[in-house]
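Visitor: Work out the full structure: start from the sequences and follow the hints.
Residue numbers (the working numbering), protein chains in the order written: chain L, 1 to 834; chain R, 1 to 195.
One thing to keep in mind: the hints can contain errors.
[Stated by the list, open to error] From the structure, some residues in chain L lie toward chain R, with a derived Cβ separation under 7 Å:
hint : residue
1    : Pro451
2    : Ala454
3    : Thr456
4    : Leu460
5    : Leu461
6    : Gln462
7    : Ala466
8    : Leu740
9    : Gly741
10   : Met742
11   : Thr743
For the record, the hints were derived by calculation from the structure and aren't laboratory data. Cβ coordinates follow ideal geometry from the N, Cα and C atoms, glycine included.
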Amino acid sequence: MNIALGRAVLGGALGRHRGRLALATLAIALGVALGFAVAIINATAVGEFEAGMRTLAGTADLEIRGGRGGFDEALFARVARDADVAATSPVVEVEARIVGRDDALRIEGVDAFRAATVTPALVGMASDPLDLLRGESLFVTPSTLAWLGKAEGDMLVLQVGQREVSLRIAGTLPGTATQRLGAMDIAAAQDLFARDGTLSHIALRLRAGADVQQVQQRLAGTLPPGTVIATPDDNATNLARMTRAYRVNLNVLALVALFTGGLLVFSTQALSVVRRRAQFALLRTLGLTGPSLQRWILVEGALLGALGSLVGIAAGIALAAGTLHVLGADLGAGYFRGALPTLVIEPVAAAAFAAMGIAFAVGGSLLPARDAARAMPAAALKAGDEEQAFARLHHPGIGVVALTAGALATLLPPIGELPLAGYAAIALLLFGTLLLLPQLAAWMLARVPSPSSASTRLALLQLRGAPGAALVSLATIVASVSLMVSMAIMVASFRASLDDWLLRILPADVYVRAAAAGDTGWFDLDAQRALRNIRGVARIDFLRTQSVVLDPGRPRVTLLARDLPASDPGSVLPLLGDTRTVSHDGLPSVWISEAIADLFDIKVGTTLQLPLADRVHPFVVAGLWRDYARQQGALVIERAVYTRLTGDGSASDAAIWLQPGVTVAEFRNGLDAAWPDASGLTLATPGDIRTMSLRIFDRTFAVTYALEAAAVIIGLTGLSSAFGALVLARRREFGMLRHLGMTRGQIRRMLATEGLLVSGIGLKVGFLLGFAMSLILIHVVNRQSFHWGMELHTPWLSLVAFAIVLLALAVATTQASARAALADDAVRAVRDDW
Amino acid sequence: MVAIRGESGSGKSTLLNIIAGLERPDGGTVTVAGMTLATLDDDALTVFRRKHVGFVFQAFHVLPYLTVADNVALPLTLAGHHDDVARARVLAMLDSVGMADRAESPPRELSGGELQRVAIARALVHRPSIVLADEPTGNLDPDSAAGVITLLRGRMAAEGACGVLVTHSDEAAQRADRVFTLRAGTLAPQTRTAQ
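Guide: What follows is the structure, encoded as structure tokens:
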């Protein structure tokens, strides 16, 4: 490419549109930064998790894992005798609540002699080796020591049931510096945490030459129900799967920002190309070929993209570092608790996002470049050709195809468990609408009644006669408004549905939890009786939370065993659709969450085999319920049934209905009096839980909402800038109108009307499109990503406020631009030839 | 019709602008249609132009996004005339300049001569007291130029408007009733008058 030629083609563009180019670059940078930051955060978090997992797995080839309640330790002896197994290490794992804090520490109970051969990272280093066998000794990682603010030799007090037990920190664990973890003797752990006779997992090292996959398959067939055998890598894969939907959604937000950037590049380039049409026509007349012109305009776009990407990559690293520091590796979503990551920057991801930034910028330049190359030089040299240039950007046929394809894409199932078709549907609807904007705008403008005032009439005539330039701005408004509206409706729907759900799921007056964190706090039968006997208690329902494996290839699902009236489960569960209040064939009932129904393809009325206490028990699926708390799915069964099948009568939570006239404060006093030592109990009213839940919701969405808003604000600022440039370009027209007797005030009113009309159409189309997109977000994307439904709620007040702000912005922009455009006197304005 | 001639930069266009109230004179008084322009503020001057002045420019200055009829209707629209009245007047005016059949055409389809006819129709459609024409034939070939000046003069006479024509063209100047030369800030009459 000839650089001098490039200068001739690009010359002037960078200088004349500096502000808009900067905004377009900023939008590209935002998209790249966001996408790259998500990639860094995820790579850092998963990398840290995997590294920790690999360290803990040591030399293990396979791991046998059960539900949260574990499995019978008899399995250990059987597996250890297997001919292909060289070494085994049984483990009991608990999340023990630390007294005085609302945190839990993961403790692995190991047999030090066996662990030394398979998982040496779990064998503590102590000055006295006998500490490894002492029941009160605990070994923790160095980062745990720092986190706890403790030193070797200090005591750590933990909650067990409703008791407190003290362990001595006897030493540290090697090779697991960054994880929050403790280890102790397995027998002591079983005894201390009431896990007698059960194990959480067994690490297996196979004999040299044994085929891991073959042994895995063979052993899988012999395992008791509810246990799975997997490689350490499979566990990391499961974690990646759990977080994938969340990551994909964040990446889609990055794409939205990139799209906004691409659109800004398009509007900047389209206006810039049209304004330079005479310059291009001259170059074409002098011998520049169409393809060569097209290439140079694309180079312009690529330069913008490269600059945006460069800024974006740097900003992405800063954003990731800041986010990891403030919110943690999962942006507060709770997937990577306990991991203290160091930044992992992958050059491949950086290159990929930079390439995407450039691709979006080049994509934004593609249509203007192609149409500039196709324009006939002779016509382009003539004044008044602008509308022809804009008309060449119209592609209604492709728009109709895109809309149809978008509508059809909403019917497609998830691809690889991700709502890719849903996202494609949104993109196609947006793309199709933008391509049909000329027709939609013309249709709407034709229906605006002819006003009597000269200025408003001229504004209408101007838009009807020369909609081209305004349409470029309109595209930005429609894209920004629709994205904002869809996001606002989706978030409002989710929030309102969550609020409704909380009201339904929390029917009692007060809720008591055995421990604020972890799984070592519980109510045994005595504790349950004591709670029941507190004065003022009218009714008490207990809940036992466990987890079970329904499918070896999937993460564990939560099992909630709760006291509930089988004849009216809807009084405590937010049931959906058909339910069976009476179980058939004498089978007990299980109520499944929407996620279980989706992920495991289970329907109401069918029989579900539930692994409990190392045996499979058939349940009839009696109903479907909504659960916003557990994305991997949750099952509800009657606690009495659970206790009968497992022998476990303990409970982790209690829902308490008070007698009429008894206040929560009186109940709290009664609780304190009956149970003075119960420091681990947490008591909350439905109002407390609701407030806390909504606060967490708002915090989680604040991040995504803020990022979306940033993209939209950049888009709208770009729009203001484009609109301003358009007004300034009409100086001579205003000069002529001043000659003919139009006052400055009339011209300002004309421009304000144009701004209002364009914004009004943009709002109308944007709101309709945004509403359609919100339906896809709610019923397709969310459903397929997180497997929960929600009711549609439109935040009218916020949307109306947004519309008013947008209209005010449009008017303010036109007025500011009009002031600049009318600063020249009318004589000078008409002096230049048109 | 008065023609003003003079070298480039002699102030011919400035004189037109002063008559239109677009520029203020350094000295003296300008009275048009019985109104002393110095006493009017910017908005009043704009209203004065709207009512009393018609413009014909060298570069036509026809708005590309309006049809021919809408362009001609501009002064009536600005004056707040009712649509039906304005429409009838516009069509009559277009008919008088021979452009009735192009009423709904976009300006880009017209030749230079046709565009100037539209501009003349626009300059006279609101029955101004005075038409100010700044090099109206400067962008036209000789045949079109002659036709445009004939038309302008004919229509001005028919509408009862006087006019000031700034021109470099001998042919155009010859069609005026009186011809002045502007030199060093002074208007000097030429002896030649039109038929």
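Visitor: So which of the earlier hints does this model not fit?
Guide: Structure breaks hints 1, 3 and 4.
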